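Asker: Below, each chain spelled out in residue letters.
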Amino acid sequence: QSALTQPASVSGSPGQSITISCTGSSSDVGGYNFVSWYQQHPGTAPKLMIYDVSKRPSGVSNRFSGSKSGNTASLTISGLQAEDEADYYCSSYTVSSTCVFGGGTKLTVL
Amino acid sequence: QVQLVQSGAEVKKPGASVKVSCKASGYSFNTYGFSWVRQAPGQGLEWMGWISTYNGNTNYAQKVQGRVTMTTDTSTNTAYMELRSLRSDDTAVYYCARRPPWNDGQVGFDIWGQGTMVTVSS
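Residue numbers (the working numbering), protein chains in the order written: chain A, 24 to 133; chain B, 3 to 124.
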């Protein structure tokens, strides 16, 4: 199972909105509404930000939103803040009943 | 509070085995499954597999299939991941994560352990 494709890096200024894409295939992202997004700050464990494509766990800011179109899922962060600077990973359920992660995207807040 | 506490760092020689533990507290252990994820230094997240605490069913990533065993002990609320025939490219931080039971395709792992560094070196 190949990793999902994410851009290596994205950047934005405080207050702006950014979108991170996550591209897979019909065997994973496109075939199921089971896509999640994680935020990871250096030296810490990942934190769940979005699950089931667009649902937010309790306590996660509504500045974070998820969507999907075809084989590509997206994470949008609005009203960018300095503390949003981190690595972001998508994951998807697959046709083999496994999970696959994206390669990760480094978000820089300018 | 809900938390997962993992065992401490390990240093192993190539060919050896390692067993990482993940003790759960603050919730009903049998209700949620576990997933194991690793992260090599400076690299991304890699899914290794998952286990149901309800019936013990497992599914492993092809890359580690045959070398990994995941188990749970309901008497101690602890999940375990054993990796055998260690190689240098197994050097990574290993995370356990709680897998909610809402559906069979759930990949939203909502609680994570602090990570266990496993170093494989001769």
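Everything labelled a hint here was simulated from the structure, so no lab data went into it. Nothing here was measured: the structure is a model prediction, and the numbers come from that model. Where is the CB? At the ideal position from N, CA and C, for every residue including glycine. Some hints here could point you the wrong way.
What the hints assert, rightly or not - Below, simulated SDA-like cross-link-like pairs (lysine to any residue); rule was C-alpha separation at most 20 Å, straight line:
| id | chain 1 | residue 1 | chain 2 | residue 2 |
| --- | --- | --- | --- | --- |
| 1 | B | 25 | B | 58 |
| 2 | A | 70 | B | 71 |
| 3 | A | 70 | B | 65 |
| 4 | A | 70 | B | 103 |
| 5 | B | 14 | B | 103 |
| 6 | B | 65 | B | 103 |
| 7 | A | 129 | B | 42 |
| 8 | A | 70 | B | 45 |
| 9 | B | 25 | A | 67 |
| 10 | A | 129 | B | 46 |
| 11 | B | 65 | A | 121 |
| 12 | B | 21 | B | 71 |
| 13 | A | 70 | B | 25 |
| 14 | B | 65 | A | 118 |
| 15 | B | 65 | A | 129 |
| 16 | A | 129 | B | 48 |
| 17 | A | 78 | B | 95 |
| 18 | B | 14 | B | 95 |
| 19 | A | 78 | B | 105 |
| 20 | A | 70 | B | 90 |
Claimed, not checked - Which bits of chain A does chain B cover? Going by a derived footprint, with three or more residues having C-beta under 8 Å, they are:
| id | stretch |
| --- | --- |
| 21 | 73 to 85 |
| 22 | 93 to 105 |
| 23 | 115 to 124 |
Unchecked claim - Over the 12 Å line for every Cβ pair with chain A, so calculated as not near, a few chain B residues:
| id | residue |
| --- | --- |
| 24 | 10 |
| 25 | 16 |
| 26 | 30 |
| 27 | 31 |
| 28 | 61 |
| 29 | 71 |
| 30 | 73 |
| 31 | 90 |
| 32 | 106 |
Asker: Which numbered conditions among the earlier hints are violated in the structure presented, ordered from lowest to highest?
Answerer: The structure conflicts with hints 2, 3, 5, 6, 15, 17, 20, 22, 28 and 32, although it agrees with all the remaining ones.
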